[in-house]
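Chemist: Residue numbers (this note's numbering), protein chains in the order written: chain A, 1 to 233; chain B, 1 to 276; chain C, 1 to 322.
Hints are supplied without guarantee of correctness; some may be wrong.
To be verified - Some chain B residues judged to face chain A by a derived CB distance under 8 Å, without partners named: (1) I83; (2) K94; (3) G97; (4) P98; (5) F125; (6) S126; (7) I132; (8) I180; (9) W235.
Unchecked claim - With a straight-line Cα cutoff of 27 Å, these simulated DSS-like cross-link-like pairs (lysine-lysine) come out: (10) A:K201 x B:K254; (11) B:K138 x A:K207; (12) A:K118 x A:K201; (13) B:K64 x A:K201; (14) B:K254 x B:K64; (15) B:K61 x A:K207; (16) B:K135 x B:K64.
No lab work stands behind these hints: they were computed from the structure. A virtual CB, placed ideally from N, CA and C, is assigned to each residue, including glycine.
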Amino acid sequence: MDPITILLVVVVCVIVGGVFASLGVHLLPVGGAPAAMGTATGIATGTIMLMLGAAVTGLFTASTVATFSKNILLVALSGAVGSWIMMGVTMLMANIIYAFGAGVVPVSGRVEVDPITKEPQTPYKTPQCDGHGVPNVSYISGMVGAFIGGFGGAFMYFALLNYAKFEPTMAAIAAIGIFVANAILAAYNIGGTIEGFHDPKFKRLPKALFSCFFVSLFCGVFVGMVAFIGGLI
Amino acid sequence: MGEEEEKKPKAEFKFPPDETGLGIISAVIAVIIVILPGLPAVLKAVGVIFALLWGADSVRKTSKYGLGTGVPSIGVLGMGYGIVGALLGIAFVKFMGPKLGTFSSVAALGGVLLMGVLGYISGVFSNHEKIIAMKIPKLERGMMELGMAGTLAMLLEFSIVAGSLNFADVVDKAINTGLIALMFVLSMMAMFHPYNACLGPDERRPRTLMSSVEISGLLCLILGIVLVATATSLWSGVSLIIFSAIVWIVFYVKFVKACMRESDSVVGTGLIKTIE
Amino acid sequence: MPIEAVAMLFAWMLVIVFLALIACMFEDLESDTGSQSNPNSQVQLAAQVGQVHRFFNKAISGEAPAYAMYCTTAGVIAYVLLLKEIHPILAIPIGAAVGEVFHVIFATTAHIGRTAGSKRFEQPLYLDVLYGHLLPIATHGFMAVLCIVSIAYIQSNLGTLSGYLPVDGVTPLDHPFALPMLAFIWGITVGAIGSSTGDIHYGTEREFQDRPFGEGKRVVYHGKITRYADCGIRTQKDIVGFCAKYGGPCTGMTFGTIILFENWRTLVGMMLGRFLPAATGFSDIAAMLGIVIGLVIGIALIFGNVAFVKWARKRYGPFVGE
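With the rest of the complex left out, here is chain A (with noise of 0.2 Å):
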C-alpha cells in the first residue's frame, strides 16, 4: 500500500479504537466510591480503571495473538473476548461477595423491573440506597460494553503494529495512551457512575461519541504522522 493509503487506514484504525473505547465506557456497570459501601449498582471502581484493566488483559491475548495471524479481525476478537472474560468473572465474583459478604440481593436502582429477565426490582432494595451488586442486566450491559471496548482497544494495537509498523511495546503503549484519553471523555461525560444502557445517563452518549470521534481523529493523523515521518512506513 502508497503511505497515504496506510495513512488512511491508520486514521480511521484509530477513531474506530477511540469511539469504542467511548461506548464501552458508557455499557460498564460502574458504581464508584458507593457502590463500595453497597450503596449504588455496580462494579466498586472507577470507570477507567475497570475499563482500562479490561482492555489490557484483551490486549495481552490479542498481542499474543498477533504474532501468530495477521487478521485484523480475529486479532481484535481475541482483546475482545480477553475483556469480555476479565468482566465476567471479576462481575461474578463482585456479586458472589455481595451475597455472601454483605448479604446483599444484587438490585438495580434505576428501573424497577428488570428489563432483561423482568425480574421487580424495588421491594428487594435497600431504602436509601441506589441499588447494589451487578443485577442481570447491568451484568449482560457490562458484558456487552467490555467486548465492545477490548475490541476498540486490540484493533488499535493491531493497526499501529501492522499498519503503521509500530514495535510490539510502542504500539501498545500508544495504543493505550490513546485508549485512555478517550475513555476519559466517556468518563466525564457520564460524571462517573452509571449502570449500563438501561441508565437514564446513557441517553447522553452522542454527546460523548462525538468528542471522541474527533480527539481520536486528531491522535489518528498524530500517530499516522509519525509512523510517516518517522520512516516506519
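With chain A held as given, fit chains B and C onto it using these hints.
Modeler: Chains B and C in isolation, oriented as in the chain A frame:
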C-alpha cells in the same frame, strides 16, 4: 556542581509564584532544556521536575472543582496525550533533522504545540454546555497545559535515557525496552498524586507542589539507575542519581515536616473522640 | 519440537495462574491494610462528620494506577538487573523490594498529606498508626508485586523456559512486550480487579460492622465508620485479619480465574489449531478456536450470573426492615 546551580531556583518554591507565573516559568525552563539535547542528564532532570510541577499545578487548579471521577483521571489524561505528543515530537525531530542540523531538537516543540491544541480542543468539548458540559472554569486551559506539560516531561525523559531526541535512539532505548511504561506511570503520579494526597479543605498549594517535586526526584532516580546500567558514560547516570536523591530527600523531609507542622496535632498515640 | 514442550507450556501457564492467585489476594489485603481506593472515601469522610479515627488514610489514587506504578518500577529494576546478567531469582525480588520502597514513600505522603488537609476537623496525626502500618503495607505489597513481576518474567520468556529454540533471533511464544510493559499491564489489571471485588468486603461489611447486616449501607451511615474493634480502638490491622478470611481469597480467585481462562483458551486454541508444537508460521484457525472457547466461557458466565442472582433473590427474599 550541577546540583549547586540548581538549588537556587527551587529555593523560591517556598513562595511559589501564582499559577500563571509558575506555568510560564516552568514552560520556559522546560522548553529551553528540551531544545538543547546536549545538556547533561542532571539539567534535563531539572526540566522534568519543572514540567511535572507545571502539570501538578494544572491538575490542582482543574480538579479543585470536582471532576466526578476523582483527581487521578485528569493526570492520566495529560500523560496519555503526553505519549502521543512525545512520539510526534521525536518524529518531527527526525523530519527536520536535515534542515536544521544541530538545532533539530527545536522541531520537537511542534509536538508540544499540537498537543496543546488537542488539549484545548478536548477542554472545549468537555466544557461546552452543548457537549459534555462539565462547567469547570478554565478547564480548556487546564487540559491544554496538561497536554503540553505531559509532552515536555516525556520528551525530557526520552532525552535523559537516549541521550538525544534522535528517533531511532529513542525508539530503541526508551520505548522498546518498556521504559516508556515507567515514564508514563511515574509522570502521571507526579502530576496527580500531590493534589490527591493533600486533598482536603486545608490543602495548601506550596505543600502540594513540594510533593510533586519529590515524586519527580524518585522518577529521575530510577532513570539514573537505568542510565548507569545501560549508558556508555557512567558519570551522567551517577550524577543523575546523586542529584535526584538529594532532591528527593530535601523535598520529602520538607513535605513531611510541613504536614506534621500543619496538621491539627501530632501525637505518639492516643484515644479517639467524637466531635459534635 | 517434541510434545514435552507443549506440556511445559501448560505447566508454566498453571504456575502463572497460581502466582496470579497469590498476587491478587495480597493486593486486596494490602489495600485493606492501607485503606486505599473507594472505601477510603469513608475514612476521609469520617473526620469530616466529626468521627476522629485511627485508620490509615492511604490515598494513592486508585489501585490500578498505584499497582501499575509499583509493578512497573519493580519490573524496570528487575529488567535492568537481568540485562546485567544477574539471575532472575535475585533480580525479581530486588525489583519488588524497590517497588515497595516506592510504595511506602507514597503511602507516607498520602497519609500525612490527607491528615494535614483535614486539619479543621481536629483529626490528629497518630504517629503509631503511621509507623505501625508501613511495614504491613510493604510486606503485603511485596508479595503482590513479586508475583506480578514473576508473571511478567515468565511470560516474556515463556518459549525459552518451555524449551523452544530461537528462530531468526526470536524465540517463538516469548511475549513480544518488554518485561516492564508486561508488569505495567498486569499491574493495572490486578489493581482494577482488587479494587472492584475485594473492596466490597472491606467497604460494605467491615467498615460498617456495627450497622445491620444484609443491607446496603444507607447514605445516612456514610462517614460513620466502625471505629471500635473487638478490643480497643480499631486500626487497619484489625481489618486485614477479617478480610483475609473472605474478601482477599475471593479476589485472588477472580484474578487467577481470569488468567486461567485467558491463557488456557489461547493455548488450547493453538493446540487444536495445530499451531503447537511447532509454533512457527501463522494459523488463523488457532486464533478462531481461542475466540470460540472464550465466547463459550463468557456465555457460561452470563448464565452463571443469572442463576446466581435468581438463587440469591429467592433465598434472601425482598427487603425486610425499616
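Chemist: Hints the structure violates: just list their numbers, smallest first.
Modeler: Structure breaks hints 3, 4, 9 and 10.
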